[in-house]
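Spelled out, the chains give:
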Amino acid sequence: MNISDLKNSIDPVKTGQELHSLIGKLYPICRSITGSGLRQTLDILKHNIPLQIHEVPSGTKVFDWVVPKEWNINDAYIKDSAGEKVVDFKKSNLHILNYSMPINKTVNLQELREHLFTLPDHPDWVPYKTSYYKENWGFCLSHKQFLNLTDANYNVFIDAKLEDGSLSYGELYLEGREKAEILISCHACHPSLANDNLSGVLVASLLAERLSTISHRYSYRFLFIPGTIGAITWLAINEEKTVNIKHGLVLSGVGDRGNVTYKKSRLGNAQIDHAAYHVMKHSADKCDIIDFYPYGYDERQYCSPGFNLPVGCFSRTPYGKYPEYHTSADNLGFVAPECLSDSFIKIISIFEVLEENFNYLNLHPKCEPQLGRRGLYTATGPDEMAMLWVLNLSDGNNTLLDIAEKAGLKFETVLRAAKILCENNLLKKAIV
Amino acid sequence: MNISDLKNSIDPVKTGQELHSLIGKLYPICRSITGSGLRQTLDILKHNIPLQIHEVPSGTKVFDWVVPKEWNINDAYIKDSAGEKVVDFKKSNLHILNYSMPINKTVNLQELREHLFTLPDHPDWVPYKTSYYKENWGFCLSHKQFLNLTDANYNVFIDAKLEDGSLSYGELYLEGREKAEILISCHACHPSLANDNLSGVLVASLLAERLSTISHRYSYRFLFIPGTIGAITWLAINEEKTVNIKHGLVLSGVGDRGNVTYKKSRLGNAQIDHAAYHVMKHSADKCDIIDFYPYGYDERQYCSPGFNLPVGCFSRTPYGKYPEYHTSADNLGFVAPECLSDSFIKIISIFEVLEENFNYLNLHPKCEPQLGRRGLYTATGPDEMAMLWVLNLSDGNNTLLDIAEKAGLKFETVLRAAKILCENNLLKKAIV
Amino acid sequence: MNISDLKNSIDPVKTGQELHSLIGKLYPICRSITGSGLRQTLDILKHNIPLQIHEVPSGTKVFDWVVPKEWNINDAYIKDSAGEKVVDFKKSNLHILNYSMPINKTVNLQELREHLFTLPDHPDWVPYKTSYYKENWGFCLSHKQFLNLTDANYNVFIDAKLEDGSLSYGELYLEGREKAEILISCHACHPSLANDNLSGVLVASLLAERLSTISHRYSYRFLFIPGTIGAITWLAINEEKTVNIKHGLVLSGVGDRGNVTYKKSRLGNAQIDHAAYHVMKHSADKCDIIDFYPYGYDERQYCSPGFNLPVGCFSRTPYGKYPEYHTSADNLGFVAPECLSDSFIKIISIFEVLEENFNYLNLHPKCEPQLGRRGLYTATGPDEMAMLWVLNLSDGNNTLLDIAEKAGLKFETVLRAAKILCENNLLKKAIV
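Residue numbers (our numbering), protein chains in the order written: chain Z, 1 to 432; chain H, 1 to 432; chain U, 1 to 432.
Accuracy of the hints is not assured; some may be wrong.
Copies of one chain are not kept apart here, so a pair can be met inside one copy or by any two copies together.
Said to hold, decoys possible - DSS-like, lysine-lysine: derived pairs with alpha carbons at most 27 angstroms apart: (1) Lys14 with Lys286; (2) Lys246 with Lys366; (3) Lys366 with Lys61; (4) Lys419 with Lys79; (5) Lys321 with Lys410; (6) Lys14 with Lys428; (7) Lys144 with Lys419; (8) Lys69 with Lys366; (9) Lys179 with Lys366; (10) Lys321 with Lys241; (11) Lys366 with Lys134; (12) Lys85 with Lys161; (13) Lys429 with Lys406; (14) Lys241 with Lys61; (15) Lys410 with Lys346; (16) Lys25 with Lys366; (17) Lys129 with Lys179.
What the hints contain is simulated information worked out from the structure, not anything from laboratory work.
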């Protein structure tokens, strides 16, 4: 079975449901860039894919950064003067400022307010906030809750630990016929947020699961890492492996109901950029292609000038461009099964282009070969034109993707034509 | 006399009438890709131009193809049960499926219908159909005629021969001051069709006639060949001559009332492409420029990857884009004298650009030379600007066509300026 | 003080008033391409800047041209039969055809008319006409005046001298840290015309005055020359100096109320072209960028193919595109103080880009450096993005201007980010 067979065998409805239910499983866990929530998440992914889990000790120097202490939390709440919990981590892990220091004291309302985060424009939503690299404590709550805090004093309690430990990440390498690799990277450090980025984690996981069942040209490397520090850590300790990365995608926010957005690699004209553009353009749905900019997700690290890897970012509504972003409204209802499966299929389609994008040589380059004699004019119209395009442009200078783009035809149409021509000894794969 | 003089001496009305009347002369002949109709056509062209006629034996291998047997037809009809001819080749040579095998038998209506071709959407028109490479027999008729066929049985009679013979084509070489050639190719294999491609045949013939009366830089090679197999045959037996082909045009469908269309060579930026673009852009008429695609006329063969010649296709309404295409409606009324002469003049204008497109050198490249002292500021406005453009850009990197394009001026204006500057020793032709 | 400090210290209102009043001082003088009016103008400029005045003798060969005789005029008039002066040079120096030969005779109306120039479409305006290279005499007058000339005879009197002398021009060289030069050229040969080109002369003079007070990277060379023959003369006798000219602007018509127009150098993609484009694009005002054409002002000479210098032309309404051009309506009211200072500021902004457009190197090219640790995430939004862009693109292949263009940010924002990053040892200037 090859990738085209895999693509054609996908049941969109089932795939969407499967992805959505897996997100539901991971949703309640309180993840951070280190600690037991992240480790538990990777362990659950291991049920489906043979993930290798790495631990990098706190204090390890990774380029300009240092792996931070490990953070773990048991409980946290704010109690009013009546002893009632008015904000409770057990009800939502978003209530805690991620990486908060432990605390247990009574504070007056004024002091408390300096440690509270709300969204006045969305009074029912709880924001998601972090303080990884600056020691602090705090709570996130809805603005409605905030307005109800009128007591003079409150007891704040955070049972958390910030200690030497390690940063965990998961890695899976699927060996292909070639050493050249496709990198798929997603961050797995967010607590109860469904689109950002459990959607990416589970689409990546399902991609790994399905690709492991087929014969593939490229080797595939999947990274499930904490954002920023995870990508920097992996790059720092695996620098020599980056030479094999020929294409790559950061997956993120792939389940919301917005259009698909592809953000180009810093190179801007890498093969992954052309492949993604082609799949988007020939999709029945509106898709957006945007240029690289040095912000967003971990493409920032992969596309830093010292690496400049051909890695783009695949998402639906882009980074930060929806109000639910980094709030409690990015919940299970915010991700749609049909959008998850649509993202999944489009990514497989991009990989199909990469896998099959070879150079072919026309074996009868002088004048057209006589297709009629071989019964090839009985093919339907688009296939006949595709055969003529493939023959005309297979002079060693054009890949199949180049031909599809110049002909204005779908890659799969051109691929089918190339295969028919090969079977009829009119075309052969160029030795590279 | 040079090509500019020739261009300026054309009488559009007379030229249009002359071309239309010549088409009328060739229209009744039943041509095919081989046989006496084609041969007779070439003989008539010989009245005006010293065409050399070549015969290539049936069975000759030409690249992936073989020269087919020669087809000749005397008569063909369908008789109804009353013995009346309901379809008669003598009334229109389009009635016969071109390359039909001989037959003489009575068939029932059902069997007959499998061999009949009509155009239900245009019930008065007779289609033009061929079966060159698959042995078959058949008749083409109007859909109205078809609906009248209600007898149980019909007598079908085709007095044709398909035997070893030869493929004929005409060639004319006009030697120029340079060995570099301009190729003009047209197919001459269609029976009673006026626009496709008698218009091309006769415009090519008149081009040859007129160019033979002037002094020209390029050598010109005219080919009057059967479509596809003729181009393949010529290329196969004249491969070594193709190195001299520096520019070329396939002429086809140049007499209908649509806009002129220029289809670029596969190279896309050959000098012929730029020259045609320039002439079209500066024409008062709307013209279309389209990219190469591997379908259409014999540019398919000249632009196959093993040759990749700088050959474009000049037509009016493009290949297959008008309903009359390959039907009896492509008759003498479908081609207009004024459109024939317009095509003729535009092609001559393209050739004028090619003939005069040299590199010049400004002999006073540092600051402007003093035009006033030489009386050159008395020239009218556009010519003064043209002189300044020619002086400014004649640094060895720009041809006159490049200068015309950058200046937004007509080639002939820039050419006139260059000639005035040469006369005043301010400019000289670069030695290439 | 550097150029950014200079730019930020400009008071637009004061600057506009200062420029307008200086124009008023030079406005009454009768200038020409040689003679005492031009010399007097340069002497007045010397009050503010240490201009070096050069004299090139009549008869000197300069490329294809010869420095003409020197022209000086004392008085000129037309008297009617009643002895009344109906046209009087003392009322406006535009009344004389510039470079008129001396004359003193009575002519009949018919002969007189052959020497009169008017603007029938603007009956109150006096045109400005010259006859530098063809000996002639003549008067310019309003069309209203012309229609009143009904006497049979008139006395014409021109007390002028055309004798061997010299062509004068002013030059100022401000040495910078680098030998590479920015050329600023303006023509100073027009009599009472305010926009063309006293506006250019005085903006250039103020640029020289202000640039002499700061530390600058580039050397600046200012030329105050007669149009055409002055540029040709300077180029002919200073050919070896042109190798240092890395950027340049011809200044002309910089005081009218139209939009700013930048006409690109012949190279079309010189750094001055990019810098001017950038400043125009980020201006709050509509600005026009036009391609080079071989007409207009002295860019014709600097951009002749034998020099091809990176010199653009900065003006407001372009050369010849306003009805007041070369008429008495190009008076002091036609130039606006706020437009003069706007031109001045935009030119300084262009020079700021050139002065600060270095290549930088990211000292932490692998992954992002940790900005938060250095307190650099406290910067406001646009500066944070600018820092990320500068870090991401400072790989040795992009200048700051390239980065500003790719980021869609103002040059000054990117420059500020680069300086902050340098202070934090995250970036350093590349050694070229």
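Hint check results:
1. Proximity of Lys14 to Lys286 under the C-alpha cut-off of 27 angstroms is restricted to the intra-copy arrangement: shortest distance 23 angstroms within a copy versus 54 angstroms between copies.
2. In this homomeric assembly, Lys246 and Lys366 come within 27 angstroms of each other (Cα to Cα) only across copies, at 18 angstroms, whereas the closest approach inside a single copy is 34 angstroms.
3. Within a single copy, Lys366 and Lys61 get their C-alpha atoms only as close as 61 angstroms, which misses the 27 angstroms cut-off; across copies the closest is 13 angstroms, which meets it.
4. Taking identical chains as interchangeable, the C-alpha atoms of Lys419 and Lys79 are never at most 27 angstroms apart, the minima being 70 angstroms within one chain and 48 angstroms between chains.
5. Taking the closest pair of Cα atoms, Lys321 and Lys410 come within 27 angstroms of each other only across two copies (24 angstroms); inside a single copy the shortest separation is 31 angstroms, beyond that limit.
6. With identical chains, the CA atoms of Lys14 and Lys428 are never at most 27 angstroms apart, being 38 angstroms at best within one copy and 55 angstroms at best between copies.
7. For the homomeric pair Lys144 and Lys419, neither the shortest alpha-carbon distance inside one copy (63 angstroms) nor that between copies (44 angstroms) is at most 27 angstroms.
8. Within a single copy, Lys69 and Lys366 get their C-alpha atoms only as close as 68 angstroms, which misses the 27 angstroms cut-off; across copies the closest is 23 angstroms, which meets it.
9. In this assembly of identical chains, the alpha carbons of Lys179 and Lys366 lie at most 27 angstroms apart only when taken from different copies (23 angstroms versus 36 angstroms within one copy).
10. Proximity of Lys321 to Lys241 under the C-alpha cut-off of 27 angstroms is found in neither arrangement, the shortest distances being 33 angstroms within a copy and 55 angstroms between copies.
11. Taking the shortest alpha-carbon separations for Lys366 and Lys134, only the inter-copy value of 23 angstroms comes in at or below 27 angstroms, while the best intra-copy value is 70 angstroms.
12. With identical chains, the CA atoms of Lys85 and Lys161 are at most 27 angstroms apart within one copy only, with a shortest distance of 21 angstroms there and 103 angstroms across copies.
13. In this homomeric assembly, Lys429 and Lys406 come within 27 angstroms of each other (Cα to Cα) only inside a single copy, at 19 angstroms, whereas the closest approach across copies is 39 angstroms.
14. When the C-alpha separation of Lys241 and Lys61 is checked against a cutoff of 27 angstroms, the pair qualifies only within one copy, where the shortest distance is 19 angstroms, while the shortest distance between copies is 55 angstroms.
15. Taking identical chains as interchangeable, the C-alpha atoms of Lys410 and Lys346 lie at most 27 angstroms apart only when both belong to the same chain, with a minimum of 13 angstroms there against 37 angstroms between chains.
16. In this assembly of identical chains, Lys25 and Lys366 lie within 27 angstroms of each other by CA distance neither inside one copy nor across copies; the values are 61 angstroms within and 36 angstroms between.
17. In this homomeric assembly, Lys129 and Lys179 never come within 27 angstroms of each other (Cα to Cα): the closest approach is 40 angstroms inside a single copy and 54 angstroms across copies.
The structure shown violates the earlier hints numbered 4, 6, 7, 10, 16, 17.
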